[in-house]
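The sequence shown begins at 1 in the UniProt record's numbering and counts up by one.
Possibly wrong hints are sitting among the right ones.
[As the list claims (entries may be wrong)] When the alpha-carbon atoms are kept at most 25 Å apart in a straight line, the in silico DSS-like pairs for lysine-lysine are as follows:
id, residue 1, residue 2
1, Lys110, Lys135
2, Lys140, Lys110
3, Lys135, Lys57
4, Lys55, Lys135
5, Lys140, Lys103
6, Lys74, Lys140
7, Lys110, Lys74
8, Lys59, Lys74
9, Lys140, Lys116
10, Lys116, Lys135
11, Lys74, Lys135
12, Lys116, Lys59
13, Lys57, Lys103
14, Lys103, Lys74
15, Lys135, Lys103
16, Lys55, Lys116
Derived by calculation from the structure, the hints in this document are not laboratory data.
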Amino acid sequence: MENRYEDDEPISYDSTQTQTQTQTQTQSQNSRTLTPSQLTQEEIQRWGILEPLDKCKDKFPILNLVNDSYTAGKTLENDICFTAENIEDKVQKPTVPISCISKLHFTIHKQVCTSKGDYVVILMDHSRNGTFVNKRIIGKDRRIVLENNDVIAVGKGHFS
């Protein structure tokens with residue numbers, strides 16, 4: 001069951017975390033030649049997904065998490081960039097004005113915990129106006145461990 005709330009802000013994300021798995025690949029004695037794209041696909045292992053809620057799928061793409069960390073905010077240097085076009089609803093009342101979004105609003109990173117490669121996913125709030133996980137404020141310079149299907153929102157925790 002997913003935590004999807006119809007009244008959440010369009011910039012909320014549904015975070016689905018995958019656990020590290022040991023993968024063993026057997027190679028046949030005949031060596032095979034990989035193209036660069038095949039090699040890249042085999043070497044990259046996704047450890048999580050940020051998926052926009054239904055009401056904002058046209059504004060934000062699904063983000064496969066393969067790097068160790070990601071940034072979100074209103075400057076173009078961020079991996080997730082919030083702009084007036086993708087967060088402000090011109091038809092209905094404005095939900096979150098761009099002025100409520102920090103240049104660096106939050107970061108998400110994978111933290112390896114054991115020698116086996118087990119990890120947790122940490123969200124660090126850098127904002128003054130709030131980063132929310134499941135409608136609860138995190139707080140500036142505070143962090144939280146994300147779980148499967150957590151909903152991340154910025155600016156407001158509950159939208160009506």
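Against the structure, the hints come out as follows:
{"no.": "1", "hint": "Lys110 with Lys135", "verdict": "holds, 22 Å"}
{"no.": "2", "hint": "Lys140 with Lys110", "verdict": "holds, 19 Å"}
{"no.": "3", "hint": "Lys135 with Lys57", "verdict": "holds, 20 Å"}
{"no.": "4", "hint": "Lys55 with Lys135", "verdict": "holds, 17 Å"}
{"no.": "5", "hint": "Lys140 with Lys103", "verdict": "holds, 13 Å"}
{"no.": "6", "hint": "Lys74 with Lys140", "verdict": "holds, 16 Å"}
{"no.": "7", "hint": "Lys110 with Lys74", "verdict": "holds, 22 Å"}
{"no.": "8", "hint": "Lys59 with Lys74", "verdict": "holds, 14 Å"}
{"no.": "9", "hint": "Lys140 with Lys116", "verdict": "violated, 32 Å"}
{"no.": "10", "hint": "Lys116 with Lys135", "verdict": "violated, 33 Å"}
{"no.": "11", "hint": "Lys74 with Lys135", "verdict": "holds, 21 Å"}
{"no.": "12", "hint": "Lys116 with Lys59", "verdict": "violated, 37 Å"}
{"no.": "13", "hint": "Lys57 with Lys103", "verdict": "holds, 23 Å"}
{"no.": "14", "hint": "Lys103 with Lys74", "verdict": "holds, 5 Å"}
{"no.": "15", "hint": "Lys135 with Lys103", "verdict": "holds, 22 Å"}
{"no.": "16", "hint": "Lys55 with Lys116", "verdict": "violated, 38 Å"}
Of the numbered hints stated above, those contradicted by the structure are hints 9, 10, 12 and 16, listed in ascending order.
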